[in-house]
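Participant: Each chain is listed here by its residues.
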Amino acid sequence: MTANANFHTHQLHTKQLHIKQLTISLHGETLLAIESVIQPGEVLTVMGPSGSGKSTLLAYLAGFLSPAFKAQGQLFLDEQRLDTLPAEKRGIGLLFQDPLLFPHLSVGGNLRFGLPRQVHDKRQQVTQALEQVGLTGFEARDPATLSGGQQARVALMRLLLSKPRAVLLDEPFSKLDTALRQEMRSLVFSQLREAGLPALLVTHDHADAKAAGGSIIELG
Amino acid sequence: MLLRLAPWVLTSVLVMPLAAGLLMVILPAFGYLPVLGGETFHFDAWQALWQRPGLYRSILLSYASGLITTLASLSIVVLFLAASRGTWLDRGIRRLVSPLLAIPHAAVAFGLAFLIAPSGLFARWISPGLTGWERPPDLLIVNDPMGLALMAGLVLKEVPFLLLMCLAALPQLGPEKRVTLARSLGYSATIAWLKSVFPVLYPLIRLPVYAVIAYATSVVDMAMILGPTLPPTLSVSILSWFNDPDLDRRYMASAGAVLQLGVTLAALVTWWLGEQCVKRLSQGWLVNGARSSGSMVVAISGRVLLATSTLMAISAIGGLVIFSVAGFWRFPDALPGTFTLDHWQRILPSVTTPLLNTLSVGLAATLIAAVLVVATLENAVRHHLPVSRSQWLLYLPLIVPQVAFLFGLVVAAESISVRPQLALVVAAHLLFVAPYLYLSLSEAYRRLDPRWVQVAHSLGVGPWRAFWRIRLPLLLAPLLTACAVSLAVSIGQYLPTLLLGGGRVPTITTEAVAMASGGNRRLIAVLGLLQALLPFIGFSLALLVPRLVWAKRRNMRGVV
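Chains as they are written, first to last, in my numbering: chain A, 1 to 220; chain B, 1001 to 1560.
No lab work stands behind these hints, which were simulated from the structure alone. Possibly wrong hints are sitting among the right ones.
Some but not every residue of chain B turned toward chain A, in silico, with C-beta under 10 Å [stated by the list, open to error]:
| # | residue |
| --- | --- |
| 1 | W1133 |
| 2 | R1135 |
| 3 | A1380 |
| 4 | H1383 |
| 5 | V1387 |
| 6 | R1447 |
| 7 | D1449 |
| 8 | R1451 |
| 9 | L1459 |
| 10 | P1463 |
| 11 | P1473 |
| 12 | R1553 |
| 13 | M1556 |
Simulated crosslink set (SDA-like; lysine to any residue; CA at most 20 Å straight-line) [claimed, not checked]:
| # | chain 1 | residue 1 | chain 2 | residue 2 |
| --- | --- | --- | --- | --- |
| 14 | A | K175 | A | Q72 |
| 15 | A | K122 | B | P1386 |
| 16 | A | K20 | A | F76 |
| 17 | A | K70 | B | P1386 |
| 18 | A | K89 | B | P1386 |
| 19 | B | K1552 | A | G137 |
| 20 | A | K163 | B | R1465 |
| 21 | A | K20 | A | K70 |
| 22 | A | K163 | B | W1452 |
| 23 | A | K163 | A | E79 |
| 24 | A | K122 | A | G149 |
Derived Cβ-Cβ restraints for the label pairs, each shown as a range [claimed, not checked]:
| # | chain 1 | residue 1 | chain 2 | residue 2 | range |
| --- | --- | --- | --- | --- | --- |
| 25 | A | A68 | B | L1167 | 28 to 38 Å |
| 26 | A | H120 | B | I1416 | 50 to 60 Å |
| 27 | B | V1035 | A | A68 | 48 to 58 Å |
| 28 | A | G134 | B | K1552 | 15 to 25 Å |
| 29 | A | E79 | B | G1174 | 17 to 27 Å |
| 30 | B | W1464 | A | Q80 | 34 to 44 Å |
| 31 | A | T30 | B | V1278 | 43 to 53 Å |
| 32 | A | Q118 | B | V1418 | 42 to 52 Å |
| 33 | A | A68 | B | T1040 | 37 to 47 Å |
Ideal Cβ positions, reconstructed from N, Cα and C, are used throughout, including at glycine.
Generate coordinates for the entire structure from the input sequences, incorporating the hints supplied.
Facilitator: Here it is as structure tokens:
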């Protein structure tokens, strides 16, 4: 993947993500408490049984926390405070269990949807991104006609094209079969590392945590 | 910020006219109507009202037909659902039922009248062989004094409504699991459904049931076509008093409208008491352990009754088709001797204006309702608002009888110098269109996976762009269906169009009902068919457009 270096040159000034003295509670009961700094290119893994507050943590970081929850603490990207910003201004990309390619847009349309408005060579960037993950010429395809692995790769490229400043991974490999899981793990982690993005991975799977290579927090 | 106002705007657009209308009916009922010089409160209107010949009979007719119709429709639907096992026959019947919902009440009423009248299709098919009739018998079948024809017509229309309401509510109850569990305990399938599904289903469809009661106790257009005449139902009497050239009759009409409110309320209370009794009495039956007694009766009657009412409704429309192209047609002949397009050609030039009015009112009301409802739902989804308790306010216009407040609305508008006109008709249609649009769209809106919009946000796309580019396209199909429902509701409106348009905004529906007393069956058939055709076009478009737009997107066919 030699093209990557060129592709990500503008993201060299990456930053660290700081979850500062965060406590989230529901109806007065504390669900979780976290303090952590994620360095550029590092993947922090959060593990824990269901109900331990993993998805609540993700919702808080991404900016989707339901008002029923009370959150105390702050979220910083270097010096910039993020938790007071709406979700779309945070620059935090999300990768879910499902690829969630928009079913009404083509593969190319999905990738273009993520590109920032001011980008000029949109077509070229989309073509390049598809080449990078071995899907050359897939622009006009209906996402529904892609295999699970292909969809996952398009979802990853859509995320990267949107130029996030940090990334959240919500059990992104859990629905893939074993062989594909290995492949996607190495693709995702290498891409994140090359882009120098701080990332937080939520998972049940110890193999995911191992592949991520960063520190691990156990919840619950 | 504007979005936060949406629920308030929607609620006030529905509740304020209702309140103003009720107020301006109640005040004149007690003598206060400054426009006509009534400035003191008294009971003269009530005295005049009680002295009307046949008033008690009118009241009884409205009250009884409302309750009987609702009981019959609900029983048919419940028996069918209990009997239905998802076989091809059951699915086929269901599929036939849904389009019936789109057909306006008046069209069904005309169709039914043409079926059962002494010179109607049924009489022709069995004459002279079975009856010996060589000419139409002198029987009062349509407009019978007991209101049986009226009740039959209402049942034909309310069965599809209640069935679809049940089918929409059922999935969240997991009926298959409940039935399977009960069957594993030795219950027969139909009894299992009645004992384990119906008791939890009923609370979910209570509001539609109440709407049916309110509608059936106070319907005007169907009662004018099928109902008794001497005396007519209370609602029809009120309309004739209100339209009386003697303006003083308006006081009595207002008192009548208040009385109608009371009659509908009495019917609702009666039903509610009935609910409580059934609840008490059925406690024993639910747990008495009887596993299959009566199951055959339920299984057979459920299917037979629903199939009959569906076939009746379909034959009614078929009858309209035959009459609309009938040339010379001697009495006992089953089919016309000659067929002709004369009636269509004769009437089409004169219905251009009504057609345009029907469409412009329907589209305007639907558009306004769609904007308000979508804005309200979007606001709720964005701010994580739970289903609000004030939601029942939206359904108020469906529970309060039209005759009870529309007259008042006219008076209220006149008192601020707004004459009946097209814009008022649109506003009045909005009262009935918006609740149905909300009813049909809110589930799909809330059920749409929130992660779609979250993904968009995480890609740096703000709420409005995410709304236009993601949520709206994903909800295109349900949104168009909801709009088609609203359009059908608007097309079918008789009383609001007549009253708020002051008779100067003719639509296909008002023209058709106006012809009811004239009796030219062939022209009525053409108008009735036109009336039924328009909603069909709407529903077909709602089905077709998403398929065309998403022809190349496999997952958009049935994604939400």
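Participant: Verify the CB-CB distance for Q118 of chain A and V1418 of chain B against the hinted window 42 to 52 Å.
Facilitator: Given range 42 to 52 Å: holds, Cβ gap about 51 Å.
Participant: So, V1387 of chain B near chain A? Judge it on the closest CB pair being under 10 Å.
Facilitator: Because about 14 Å separates V1387 of chain B from the closest Cβ in chain A, which is outside the 10 Å limit, the hint is violated.
Participant: Could you check if P1473 of chain B really has its C-beta closer than 10 Å to a C-beta on chain A?
Facilitator: holds, 5 Å
Participant: Between K122 of chain A and G149 of chain A, is the straight-line Cα distance small enough, at 20 Å or below?
Facilitator: Roughly 24 Å separates the two Cα atoms, so the pair is violated.
Participant: Kindly confirm whether 15 to 25 Å is satisfied by the beta carbon distance between G134 of chain A and K1552 of chain B.
Facilitator: holds, 23 Å
Participant: With the threshold set at 20 Å, check whether the alpha-carbon distance from K1552 of chain B to G137 of chain A stays at or below it.
Facilitator: holds, 17 Å
Participant: Does H1383 of chain B meet its interface restraint, that is, does its C-beta lie within less than 10 Å of any C-beta in chain A?
Facilitator: Constraint on H1383 of chain B satisfied, holds at 8 Å.
Participant: Below or equal to 20 Å on CA atoms is what counts here, so check K163 of chain A against W1452 of chain B.
Facilitator: holds, 19 Å
Participant: Take the C-alpha atoms of K163 of chain A and R1465 of chain B, compute the straight-line distance between them, and say whether it is at most 20 Å.
Facilitator: holds, 18 Å
Participant: For the hint on M1556 of chain B, does the least C-beta distance to chain A fall short of 10 Å?
Facilitator: holds, 5 Å
Participant: Would you check the hint for K89 of chain A and P1386 of chain B, treating anything up to 20 Å between C-alpha atoms as holding?
Facilitator: violated, 26 Å
Participant: Is 48 to 58 Å respected by the C-beta to C-beta distance linking V1035 of chain B and A68 of chain A?
Facilitator: Distance hint for V1035 of chain B, A68 of chain A holds at roughly 53 Å.
Of the hints listed earlier, those the structure fails to meet are numbers 1, 2, 3, 5, 6, 14, 15, 18, 24, 29, 30, 33, in rising order.
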